[in-house]
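Protein chains: 2
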Amino acid sequence: MRGAVLHAARDVRFEERADPAVVEPTDAVIRTLAACVCGSDLWPYRGINEIAGPQPIGHEYVGVVEEVGAEVAAIRPGQVVVGSFFASDNTCPNCRYGYQTNCVRRQPMGAQGCQSEYIRVPLADGTLVAAPQPPDERQLKSLLACSDVMGTGWYAAVAAGVVPGSTVVVVGDGAVGLCAVLAARELGAGSGGRGRIIAMSRHESRQELARAFGATDIVVERGEAGVERVKELTGGIGADAVLECVGTAESMRQALRSARPGGGIGFVGVPHGVEIDGAELFNSHVSLRGGPAPVRAFLPDLVDRVFAGTIDPGRVFDLELPLSEVAEGYRAMDERRAIKTLLRP
Amino acid sequence: MRGAVLHAARDVRFEERADPAVVEPTDAVIRTLAACVCGSDLWPYRGINEIAGPQPIGHEYVGVVEEVGAEVAAIRPGQVVVGSFFASDNTCPNCRYGYQTNCVRRQPMGAQGCQSEYIRVPLADGTLVAAPQPPDERQLKSLLACSDVMGTGWYAAVAAGVVPGSTVVVVGDGAVGLCAVLAARELGAGSGGRGRIIAMSRHESRQELARAFGATDIVVERGEAGVERVKELTGGIGADAVLECVGTAESMRQALRSARPGGGIGFVGVPHGVEIDGAELFNSHVSLRGGPAPVRAFLPDLVDRVFAGTIDPGRVFDLELPLSEVAEGYRAMDERRAIKTLLRP
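Just so you know, the sequences run in chain order R and P.
Quick note: the first sequence uses UniProt numbering, first residue 1, plus one each step.
Quick note: the second sequence uses UniProt numbering, first residue 1, plus one each step.
Think of the hints as simulated: they come from the structure by calculation, not from any bench.
One or more of the hints may lead you astray.
Identical copies look the same in the list; a pair holds intra-copy or inter-copy alike.
Taking lysine to any residue pairs in the SDA-like style, the calculated list, with each CA pair at most 25 Å apart, reads [stated by the list, open to error]:
no.	residue 1	residue 2
1	K231	P56
2	K231	R336
3	K231	E280
4	K231	A9
5	K231	P25
6	K231	V104
7	K231	Q107
8	K231	Q133
9	K231	A279
10	K231	E186
11	K231	A212
12	K231	T248
13	K231	R96
14	K231	N90
15	K231	D11
16	K231	P93
17	K231	H7
18	K231	D89
19	K231	G188
20	K231	R105
21	K231	G98
Take these sequences, add in the hints, and give me the full structure.
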């Protein structure tokens, strides 16, 4: 089969790879219906994360089950399935607490290289969720978004403590940030008189999608000016919940200063060079919870919402390419010409 | 009147100070029944915090109201009252959210120098809580503990997310740590089959009090060995909630590594040189919430528990001295001969 392989910084190639097979009895092999490029793929793509040698890449996927191992019971050939970027058994103590991305048997799906025609999925019963019916085009895109960005935005909102009526700030207008807006709306933020969903963005097309997803306000200012604007919109004290969807020292600072005393930050941008001063955090009274989103915990609910038509996170895909043009998919996102690239075999 | 004044590192003197008076119409003046020395007083006492010049010291107090300003309505002369280490109006948005130590009009009581015969209390109606009846000796000590250490331990437990059945680790066996054990017990941790309250301590007298306050297990190991022991006691994954009651880089590291993925840390030790690595926090899935405890939020409930006889946090006082011997009170705590010193005028 063929798939994407990262050879060096900014050198992604579509090339022949070994066909995936059932190796462990808990594996499944799926035929990819759609894959995509993640903001976090840009870290190695840009050479910020080390590249030891040619490595298959990609960790988001929707596919049709082709084959399952002898111990796979719940997942069956022919099903359309979606899973998260970590395979997990969904039965260990950490999974049972809802932190499947800390499963004691977790395996990163990035190692499988999911921007490819076929994918081996370890721990298939724990990892995959089957669609209740064959998805139409719109549903397929939204399922794919649930594989990472929608699940990650959802976790940001949950980790920040969003509840009905919350006032929420979303830092970051990438696909995760936009999905975080949608998650905040679904969790009841911004509803009623007091609540707001404030998206921080200076890109018109992203602002538009943020509004479509439920943002009540757009803040274009950054840094101290951005914090001031948020304070103006939140009775002078800051937001109940801040969803940090970038992962830089600057975005974390923005988040910390935008939350009210007693507010919460959910941080899902993979931190790069982020150090948090203990005394500053102490004096802020703000809570922090982050991490690789346990998307698997939310997938059944998210899949239901996609098929019920209440969420449409597939709208984050504003570029569609054949898988063979994966290199252009990366370039478009690297240059911020695209929010997120969908790839079809 | 007379009171304690810190002149330089390890130089506390009991000396003549100006009599406190009602300055603002929202003030009260109280006659001190009991005051005490706080672990956080030891930071300036040891010269770790800068001492600009002679400064009155102390921020914990129980007293009888002597006089109130014209705008004080709820607090009346003759009442026995307790308050927290920050005066707060209890009406601003931050107070209404339960973060009185971030009150927009907050004033540190340390500036009043509460280790003294009389104390000026700003924002008396917001700050003070009256006892329902004159306290006996035991109740008096427990009310005094509620002024800071018991309220701070309680906040640690709330901030860490302790709920009935939680498994809790308490880092720090000072008065706050011991009160945190008591708070965890009152919030239902350690009850039922699964829960535990694990106190980390290597001092026999403190271990004994920890057990009396509800600790089910004592861990004497520190560092990696301490983390290993906690893991053994918590099914291999770590605790649901960790109450960090010290404030050093080492104690925070201990706390972070003792919590399970998805667990929470409540940190109430004033951080000195604590830097948190964003990537490590991210990968841990652990939440952090700390800060100067909003003791005022918990005081009415804590006062009720003291008079109902369900909590007895006054047991942390293992040294009682006349206020005139305040210098010895500091020495005893500095040298860890005493957990906490009670001072009586």
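Check your understanding: How would you classify K231 and T248 at a CA-CA limit of 25 Å: within, between, both, or neither?
Key -> within (22 Å within a copy, 32 Å between copies)
Check your understanding: Checking K231 and V104: alpha-carbon separation at most 25 Å within a copy, between copies, both or neither?
Key -> between (42 Å within a copy, 14 Å between copies)
**Study point:** Within, between, both or neither: K231, P56 at alpha-carbon 25 Å
**Key:** Cα proximity of K231 and P56: none, with 45 Å in one copy and 36 Å across.
Point to revise | K231 and A9: within-copy, between-copy, both or neither at 25 Å Cα | key: neither (40 Å within a copy, 41 Å between copies)
Exercise for review: Up to 25 Å between alpha-carbons, please classify K231 paired with G98: within, between, both or neither.
Suggested key: between (33 Å within a copy, 19 Å between copies)
Review point. Between K231 and Q107, at a C-alpha cutoff of 25 Å, which is it: within one copy, between copies, both, or neither?
Key: between (42 Å within a copy, 22 Å between copies)
Review point. What label fits K231 with R105 when the C-alpha limit is 25 Å: within, between, both, or neither?
Key: between (43 Å within a copy, 18 Å between copies)
Point to revise | Within, between, both or neither, where K231 and N90 count as close if Cα-Cα is 25 Å or less | key: Only across copies: K231 and N90 sit 21 Å apart there, 41 Å inside one copy, limit 25 Å.
Exercise for review: First find the shortest C-alpha distance between K231 and H7 inside one copy, then the shortest across copies, and answer within, between, both or neither for a cut-off of 25 Å.
Suggested key: neither (46 Å within a copy, 41 Å between copies)
Check your understanding: From the Cα coordinates, with 25 Å as the cut-off, is the pair K231 and Q133 best called within, between, both, or neither?
Key -> neither (46 Å within a copy, 43 Å between copies)
**Study point:** Same-copy or cross-copy closeness of K231 to D89 [CA-CA at most 25 Å]
**Key:** Answer is between: at 21 Å across copies they meet the 25 Å cutoff, but 43 Å inside does not.
Practice item. Tell me, please, which holds for K231 and G188 at an alpha-carbon limit of 25 Å: within, between, both or neither? Key: Classified as within; 21 Å inside a copy, 37 Å across copies.
In summary, the numbered hints that this structure violates are 1, 2, 4, 5, 8, 15, 17.
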